[in-house]
Amino acid sequence: MTTAIASRGERYASDYRALIESFGSDGASWFTETREQAWAEFARLGFPTVRRGNELWKYTNVRPIDQAEFVHGAGEVEQVAADLVKSTCPWDDAWTTLTFVDGRFQERLSNLTKQAGLRAGSLADAMHSDRAAVELHLGRHAPYTGDAFRSLNTAFLTDGGFVQVDAGAEIEHPVHLLFITSTSLASRATYPRILWVSGENSGATLIETYVNLAETAQLTDSVAEIVVGDGARVRHYRVQIEHEKSHHIGIERIYQSGHSTYTSTSYATGPAVGRYDIHNLLDAPGGECTLHGLYLTTNRQHQSNEISTTHAKPRCTSHQFFKGVLAGRSQAVFSGKVVVAVDAQKSVAAQKDLNLLLSHGAEIDTKPALEIYADDVKAGHGATAGYVDPDAMFYMQSRGLSADEARAMLVRGFVSEIVDEFEPEALHAYLERKTEEVMPALLAAAD
Amino acid sequence: MLEIRDLRAKVTDGDGEDILKGLSLEIGTGEVHAIMGPNGSGKSTLASVIAGKPDYEVTGGDILFEGVSILEMKPNARSHIGLFLAMQYPSEIPGVRPWQFLKAAMDAGRAARGEDALSVRQFSKIFDEAVSHSGINPDLMKRSLNEGFSGGEKKRNEMLQLAILKPKLAILDETDSGLDVDALRTVADGVNALRSPERSFMIVTHYHRILNHITPDRIHVLVRGRMVRSGGAELALQIEDEGYDSIIKQAAGA
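Sequence order for the protein chains is A and B.
Note that this note's numbering gives residue 133 to position 133 of the first sequence, counting from 1, and the numbers run on in steps of one.
Just remember that this note's numbering sits 447 ahead of the position in the second sequence, which is counted from 1.
Think of the hints as simulated: they come from the structure by calculation, not from any bench.
Here are the simulated lysine-lysine pairs, DSBU-like style, with alpha carbons at most 30 Å apart:
#1 A:K337 to A:K58
#2 A:K434 to B:K589
#3 A:K434 to B:K550
Just chain A, with the same shape it has in the complex:
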């Protein structure tokens, strides 16, 4: 261990101790033991900088995270104006919105519209006031063991969203968990946490948004656990608007009960080191799981997608479909995994990853992995990566479009398939706007 690494470890450790002390005697002390174990796990593992032989981190270099100096835990929370939130984030007054700035719940920037059958609030509050409900699920689906980022998130867990949907309830308007990183510190690490529990036969929509307003190296290490009860339906939208100097690790663990339906569409613009790590466990027959997403990278950004579904029980259906647009010398990874257990007969699984490369320096590593142990299963996968079609370019230019206009049109057409899956109008309009905003950076780094 070099001195540099030792001092980084010390920095993390002292920030951790400061955080524990700041909780004092009040802070949901029932969780402290888990916290300490998670911290010990992180100290044991360190960041996954050794990639050779490490299948999960082969294509992703986390050295920039390992070598950075982040301020963890508290620090000053910047006062972000409500106007700024509405102009930089997706917003609809009809949604029930919980806003977090730098990891802390901000009631004044939230819109706590009551909806019958919905209980949504700060996780930190719930850890005091509703311990049993939280303890039942927290850490059960995304345990701290075996992963540096899960263990770090658990150790530094400060706040996040806790949402419960009552059995049989139909929640009309989306629940929006909005996490904003402010410009208050040059290099801050935040650890957003989400716990969502859908009761039997309920229906609800979750919008999970991360907007980074800073143009410096921030770290977001978020963990979401989503529990979908028997016959329940969850529509999940995840939005990641990142800056190319920042890092973003987004971990999602979904547990599905019988005949439940979970559909997720994600949209991500490139951080320096980004990882979307989502895993669904279909743990009862008849479940349906759809994981769709779009990633846009340019310059030297990196976005890795670990998309994984486990069919533990029979007659479940899963569908993974991702699209990527890559420019500059950016890199994206699609590691799509489907595991079908030996008794999971009549499972149906499909997987597809399509990529549009705007430059010859961009790189996509697409790694489909099907592990099938049952014998009556339908599973298929496919991946493509293609450059812009020169004939299509000439066709459009011959009608009067410039090369940039033609490329932009092709990109818009390509991404529309995923962007159009975002149904809430305000969210769809927001993402169309964001796509236009990132377009110049994509085109500038095109061949």
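Chain A is fixed; fit chain B onto it per the hints.
Frame of chain A, contents of chain B only:
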């Protein structure tokens, strides 16, 4: 309107010889010219070179549009000054609908000429009228441009774009190939409806069939990259009756 002077062209960065070996022709304003010839004669190459397709490079000669050389102009700039190429194999543009594409094309041309963009309503009116006149199935307009269109539908869509963009010079590259009788009539009707003293057409075709419906002012026959014969509309009858061989023999004898 169009003057081609001793044009030579070959495949870009290719080692082969010139595909066009010194072509000259002139198309006056308001005229309809047909370019005919056997396979491999360079007809489509000529159309592509005039439109500025990067697959080909000009190795000699010039192309003048309204007196100005266009060789240094990019394909979109050529479109802005009034050139249009209806393609033999139109590309599919996934996720982009015809309305969207054409409005963007029209706006780009108007901007280049210093005109205001059309409003959504103004453009929709033009678009809807053109769709109903074109014979194209309106349901196709809900799909992505050319995606899943049959050959005939793609050609009709090219004619639709022609009707909307109203170019000064429209080059139709083998527009009639692969069309059934009805589709052929639609294409011919589309051309005839747009025929005017201010507009010229260059119809590149292998078969004489379309010339039964569109009467050209002049016919040029290309063989192996060279113009071997130019004549009036009656040349089509000779090709119909005797094939290209007779033309080639006459040219050799001349």
